[in-house]
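Each chain sits in its own coordinate frame; assemble them with the hints.
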Amino acid sequence: MGKRASIDADGAAAFRKRQKITHDVPTGEDVSSGEQLRGLLAFDQDMRRARHGLQSFKRLLDTIVSGEGDRSASLAILREYLELVRPRIEGEDAVYLSDIMEMWSFAAQTNEGGVMSSAAVVLALVLNVVSDSLELVKHGLGICQTLVQERQLKSISKNLSSDKTKGFIISPTLRLLREAVSLDGGAYARRIVRAKAYTFASLGRNLEIGSTVENPEDSRKASVRTNAVRFFLSCLKYLHSDGRKELLSQKELLSHLTFMIKSDPPSLVVEILDSLRTYVLADNKISRDIKFKCFNTKTLMRILALYSYSNSTESESEVDRVSEKAHQFLMYVCTNPVAGILYPSTGLYPKESNEEFSVQLAKQKSSAHSNLAKDDSYRDGVPVFNFVLSEFASKLRPWSSMKHSQLLTAIFEAAPELIANYFFNNQSFTFEPKLTMTWIGYASFLFDTMRIPLPPSFGDKTRFALNPPPTNILLDNILPLPLNQKVMVRCLSPSSNLTSFFATRMLIEALEKLSVAIKLHREGFRVKDIRWNEAARRLIDAFCRRIPDMKEVVRSYKGIANENTLHKAMASRLLLLYYEMIPQVALAANFDVSPFFVNVLRSLQSDGSDEPHDGFREMELENLVSIASYSPGMRWFARIEILSGKGQSSPFTTLLKLLSSSDRAAPLDQLKKVLADVAVENQLVSAATRLNPLLQAVALSIDENSPENMEKIWSFLDNCISRCATSPIKYLEVLESYSADDNGDVQAKANGRSFNLLAVAIAEQLPYVIKSADAPERASLSSFISLYFSALYKKKGSEALERVHAKVEECFSSNSVKLAKLGSRKMPKTSSSGTQGGEDDDQEHEESAQQKDESLSQEQLEEALHIPFSSPEDTGVLLKWHAKAVEDLIEDGLITSLIRLLASEHTNIRKEALTNLLKMAAKIDESAYEEKKQIWLLLSELAESSRPQVDSGFVPSAFIAFSVHALEILKNPLHPLYPKVNSFLTRSPAWSPEKLPLAHDILHGEPSEDDKYYTEIAWFLTYALDALQTPFDLSVFHKKRWLEKILALGSNPYLRTNLRLRVLRIVYRATCIESGSTTLITRFGLLTWLDAQRAACGNPDEAALYEALMERAWNTCDQARVRAWSKGGVEKLLAKKTQ
Amino acid sequence: MPQDASHTKPAFSSLYLQKLTQELSEDLDKVRNADDFKADSVPFLVHALQQGAAQFSPAQQDAVLKAAEGRRG
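Chains as they are written, first to last, in the UniProt record's numbering: chain A, 1 to 1139; chain B, 1 to 73.
What the hints contain is simulated information worked out from the structure, not anything from laboratory work.
Ideal Cβ positions, reconstructed from N, Cα and C, are used throughout, including at glycine.
Warning: the hint list may mix true and false statements.
Computed list of lysine-lysine pairs in BS3-like fashion (alpha-carbon distance at most 25 Å, straight line) [stated by the list, open to error]:
id, chain 1, residue 1, chain 2, residue 2
1, A, K673, B, K38
2, B, K38, A, K403
3, A, K919, A, K880
4, B, K30, B, K66
5, B, K66, A, K237
6, A, K673, A, K794
7, A, K923, A, K911
8, A, K403, B, K66
9, B, K38, A, K262
10, B, K66, A, K513
11, B, K9, A, K434
12, A, K971, A, K932
13, A, K154, A, K196
Facing chain A, a subset of chain B residues (Cβ under 10 Å, in silico) [stated by the list, open to error]:
id, residue
14, P10
15, D27
16, L28
In isolation and in its complexed conformation, chain B is listed as follows (with noise of 0.2 Å):
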């Protein structure tokens, strides 16, 4: 993969697909029942939605590890 996420950290990362599946859950079932869905779509779906977490900057990767850490204290 293309600069592969390297700067993503792995707990920011899982986070983001988190989040994300659960704003777009809805969705995410309509592509689950779809005739082209396999069992081997599993891995692809979750890289296309892990990908974007290479868009946050190591700064802001921080600040939202460090709200969800707060909100869990």
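Chain A on its own, in the form it takes in the complex (with noise of 0.2 Å):
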């Protein structure tokens, strides 16, 4: 057809001036009986004749189909001559209408067009026309059959084979074939394609014979393409599943039918698409071979072609209709396993290449080293399944069309093993930031990508496959490869604050993710597999290394305009998702996010602004709330000034203000629950009643005062905080002494969980305040505290809070001012604001949580406190450090991973190790780095020290911990241990491997800044966990009273929880190395010490994390040796424990 595209104007006039010589102009007559027709069309050798009188017939059939004239007079007329020229034998061989039938033999014989053509289109009308009558179709059926006979065959092969400039010979026979395949719902359509050979003739050329440009095709006159197609289709609708299978299995007769698809009418378009879909795609019993043969990649391109459909003479809505059925049709092959094209595959578990499923040889091999190998393989492609979707998914243009995305995230969704595939085969297109509508496009398909769910157990049918997917597999699910470290710094560049916001909603996506694949890592019996485990920790590591830092997240925070609320709301999520799901990476940014927090503070206050607060800012508000309850050096308790010229407050009773605000909209659940937890740490309210006795309070306080009054209410309450905060022992001396009365130990215990110490200084500051307020505050704080006190007595009452009640009283009544009785206040169950919702029922959930059982498995032990000895050795660094320049060498780790190798076991690896460590330290200081001399240093004295150690035998971990974590102190000027680390490096050239470097400096030095000293404590216990690996280091560690000194450090009972954790881990780790528990229990008291602990905790999760520890000590322990040393005495502490 393509030839016809380029003839020119005079070319199409010869074309039609050929088709007016072969179309003599036909006669014809009305016919008034059945007699008369008969007579008319019978045989005749004068093909004139013959064309007058089918030609005679076409108009008496044309009146019945148009229902012109008298249409039920020209049905009795064709009755009559059906029934005149009806066989006399009925039988297979008879011949119906054998006049016409003889006619059009010997036309095709003498190749006579007009009459080949008159008796093709006679006969369709006929069949057209009997379909319509129950009484008739007998007599259609006999012409089905008389037409499958020979002769009759012949002379449709004829005709079908005519030239392919004789369209006016083949449509007709085209048009018959289909009214013979449709009559009586497909009576014949069997026979009519068994004898394909004649009724296919040509089939493939004629499916291709369209209309020209020159000449488009109107709807009344159809190409001889339109009706090869009906015909076609007809045949497909008609034919029962084994047919189909038969008709398909025609070499390219599919490739024929799609292959002008575009240039098809709109209507036809539909048509073949819906026949498709409805008879091969969903006929269940035509298998998945024949259905995968048919719908190849070309196929499916020339579908994904009519995406972009134009067709200058129909309306726009049809247009439209036509991409939008190739879109559902594409959408429905692509990603239902009905159709065929779909294959069932394994999910993120890749398809082995010797065709085996992964899953199976996941079971068989079960060493962790045989999939880490693995893990390696498939950086150099990911072999999948569906080999067809993955071709057909590289051709999509998912950045530039959104129905392409669409189509590609749906096939992505119904097979997973895609993804990974899909990027890993399409590395060229980047995703450098540009501010176009492809870069757009591209975010939008890649963040539909991040949205599709992992698959569950990842895929693997089974749902117990013992290996966890290769690490690069998941993560490329979780974060596409396009989405490097590079590339998202730029994207986060505050230049733009389109990219950056898209790249922090897809940075959120992503950790969200990883936190759902890591959750699966740990459900059922994967909790207890150290695969699994292992594979959790590869992924966290290998995700750390692909997103960008957190100062770069920190710095386009900062970089946001104070007005763009929502993009505020969504880098502070962002941010909290890295101290949540990676904690290690976000404390090594140093965020210190309290002026943040107090700028979201000040604009949330200052009621007076232009724009009005939106549930954004709130929103950002809780994330920045939440970061600080991560950061250990966030002061909630000292005063700054929030709003200028309203005084002093603390960020903690600004929050509370805020949470007790009637006028706020949405409860901010997460800001309670961190204000409840800063609360209980600092022993402000008790772990019973939480805040909620205090907010209920407040909210009843704020309907029955007025605002000024409320003011002198905040400020009290804040000065009580405070002072509650800086100065907890004295107040819990003045606890003590109210407690004291009772009636022994125990009761005291039990009354201090509703009784707190803000009671406690309430009682003790209000003479003072009192003398300063005038009548009606004096009311106002009366009705505050009696509502406070009756909040907390109801509760849970006791005699200690009567008696500070009772001096409360006193006090008041000195100054002539009533207090209710205590319990006489009525708290309403729920009250106006704020105090409802989630917090409330945190008494209950204690309780019964107390009441399970809280003893606590060796495996979730080991899970909370084991951390890994250190990871396995890169020996590739020894080789692959030179290549690097001074900055990357320092910034990527290889120095690092260069220190560890001088823990090897080999001695010709730490021989290599310790030369190149020279080489490089000599390296960085020739470089231009700014730290380089301290770096040079610190090497230098690493290597110095390690000589004589590397040929007898391991060096110290010490030396290796301390190097290593030195050196991020050195790359950072502003971590508070700079000043420390310089002068210990300068201090001497060699270290003593009998010492801990830097630790007296930390523990019995002063802190170098007064509020770092639990920044430095928390660097310290890191690096001691790292020094701790051989029974050597543990020497060091036993005889230089470090272990007594770090559970001294552990006594201290404002040490918060995480660090608390970080000197539990390093107990754990002495109970791995030999005889280390040994040394622990009889020469420091630990059993005594974890007891001690165990009963001063407050937390029951906390203390059965004691009590399993005891536990796990004295199993590793030389029971033997520890039970003559107790005398028995160890024994009846832990029975003591069971009981």
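Right, here's the structure in full:
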């Protein structure tokens, strides 16, 4: 057809002329009876007369079909004629309409085009007319039977194979066949298809004789192709599954069908797509391989081309309908397993190249080693089951078309194995940020891909695969390959809000998906499986390497304009996710959240500001508060001026105020939880009641008191809270004096659950504030305090509480103010604001939790405390580092890997590492790196100190751990330990193997800055854990009494949970080392220490941890020796614990 | 579309889009002037902007909608 498209105007005219020559002007006459018709159609060798007869018959049939004139009379003539020419003998050989058949055959033999055409036209019309009439259908069936006789088949074949310019012969023949196939529900369909040697003659060619560009097809005159397509589709429709299979196996038929689909009229395209879907794809009985052969990439691409279908003569809605239909069709083909293109696959477990399921293979291979090796191998490509879809996917352009993007993500969802495969195969399209529609389109596609949930059990059908899926593939599903660190950093650049917003959104998605993946790693049996635990760790490590550093995210957050609240809310959520999911990355950035968080507070508090605050600002605040609860340096109780002119207030009280302000629309559950945690941690309130009584009292006071008086209450409360937080010991002593009169300790303890330091502080501060208050303020204070005590009393009354209340009452009465009796104030179940919500049920939760089985299994203990001994050696670094620039050496952690090689068990590797360290030190010293001197000094000292040890055996882990952790400090001059590390390095050229470098300066020296004590401790504990690896290390810890000091550190009641956990990790690590537990028990009284900690801590979860650790220590020690040492005391202690 | 944002409320979705368009207006102007921006890019752009609405939990959506109502009232 392509040829014809280039024909010029003359050519087209010539074509029309030729057609005219073959068309003699057909003559015909009106028919008034069946007998007359029989006469007209009697066989005659004179072709002009034959045509005259056929034309007359056609006129009659046309009046019936069109319904013009007297339709019933015409129908009666037809009926009469059919009865007249009905064959006398019924049977297979009977010939219906024998005159016409004979004429046709004769014409075919003599190549008389006019009659060949007219005969087919007339027969097609007859079949069309009789199909509507129940009594005439039998004639139609007779005609069909006649058609499949050999003579007629030859005529058909002759007609169909006419020269392709003779559409006037081919088209009616195809119409005739179509009528024959469809007659009476497809009664003859099968036999007509059986005779495909004749009936399908030249079908492939005929399917490609379409209308030309110059001669666009009008709907009245269908092209040969249209007729051929309709015939073929009718065959599909009326055949049974077996027949369809046979038809589809015809070579290339489907290819001919779709070859020109793009230039078909809309109605035909829709017909083709509908028929293929209904009669082929949805037919369960057609086997997969046949469908698979028919719908290869070529066919799919042709249908894809319909997305950009255009047709100048049709209305826009029709054109849109085609592209929509094509989209639905491809969505069906590519995502529905019945359609035969989508193969069942194993999700994130890649197809094994030897055709075996990797899941099965994974069952056989048990060592973690083989898994590691496998992981690497998928860097050369990801084998998949759905190779056709993989090829098709690579042809899509998801960045420029929404439909392509939708289709591709739908394919990914149906066959998750293709996600990693797609991005691996299509790496050329980068995600470099540009403000273009293409970039946005790609970002949108990537986002939708990331939102595809991970398949259950990572796609393993058995759900019990022993090995996890390869880390790389899983990672590509969480964070598609185009989103690499470099590109993401550029996207986050504050120069464009749009790219940074999109990047933020994607990173949030990735981190949330990572959390789901990690949860899946710990589901069911996997929680105890070392391979799954290892894999989870590997996944997090690999993830951290691919995402931007925390400082980039912080920079991006800082760069957002204040009024862009949605963007800020998302960015702060990303920061929070860093803290929650990958704290190792988040904490390394030393992000001080407090200034930002004060800013948001300010903007929320300033009622007069122009822009009204929306829910996003509050979301941001909640995120920042949660971040603050993770950062050890947060000063909750330091008073700062949040709003100028409104006096100072601590962030804690300001948040409390916000929490209880009644004009807030939505509950801030997250904020409430964090505040309550902070309050409990600082012992302001008890763990049993949390903030609930206080919030309840505040909410009721707001209703009762004027805003001015409320200010007084707030400042009083702020004062009490700050005092409690800054000098808790003072109030603890007062608290004890209140409780001392109680009968016995047990009672006091039970009472303590509702009674708290804040109440004590209120009682103590009241006399001072009352002096400066006027009468209405005093009344407000009295009302608030009585509300607060009533709320406490309602939770759990105690004698101590009554005593405090009495004191308060005394103070008020001495100033002639009345205080309501304890418990006399009514506390509505739900108050007007703030206090309802998730937190209220805390008490019940905690109590029920206590009743539950609290003991912790050893596996859970291991999960909570065990940090694996340092990662496997990477000897490749010995060669790799030479090629790197100094900045990369320092930033990429190559130095760290090299330092760790000093601990290798092979002497030659240790020696190599030592030499390389010296070379590296020299290289750094020569470079222009800013901190080069310090790093050079550190490396040189490490080398000098290790040199004597390298030959004889292991280098002390303390050296390695110190160097690795000190390196992090040297990179960051703002680190509080920076001065200490530097002065340590300049102090002596070599370190003693019997000592822990720098430990003395941290534990015994003053903190470099007042409020950085805990930051220094946190660093030290991480370093100490790393320094404890071998029995030799243990002996250093033992001889220099570091273990004792660490345990003493752990006894500090104000130590935050995460620091306490680090202490316990060191203890756990020691129990893993040979004779570690025995040393700890006999030399440092570990068991009694643990028991004391258990008794002192209020949290049942933590207590369970101590108990489990006691059990672990006992199980791993030399029990005979410990028994003898303690004279049986240890067993008694353990027995007491289990009671 | 995967997880077709089925739990996203239409009201929130449109509010999100409105807010985002406002915050990114400067950059969106640049995109509109880019060579590859055509008339039929608009639905794609809207989809790209709006798809992030699904990242908010129903509770968060309610909170924002409530705050928006409060502002109007």
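Cross-check of the supplied hints:
1. K673(A) x K38(B): violated, 49 Å
2. K38(B) x K403(A): Holds, at about 15 Å.
3. K919(A) x K880(A): Holds, at about 13 Å.
4. K30(B) x K66(B): Distance ~33 Å between K30(B) and K66(B) Cα, so the pair is violated.
5. K66(B) x K237(A): violated, 56 Å
6. K673(A) x K794(A): holds, 21 Å
7. K923(A) x K911(A): holds, 18 Å
8. K403(A) x K66(B): Violated, at roughly 34 Å.
9. K38(B) x K262(A): Holds, at about 23 Å.
10. K66(B) x K513(A): It is violated: about 28 Å lies between the C-alpha atoms, which goes past 25 Å.
11. K9(B) x K434(A): violated, 31 Å
12. K971(A) x K932(A): Holds, at roughly 10 Å.
13. K154(A) x K196(A): At roughly 11 Å apart (the allowed maximum being 25 Å), K196(A) and K154(A) satisfy the hint.
14. P10: violated, 17 Å
15. D27: Given a least distance of 4 Å, the restraint on D27(B) holds.
16. L28: holds, 7 Å
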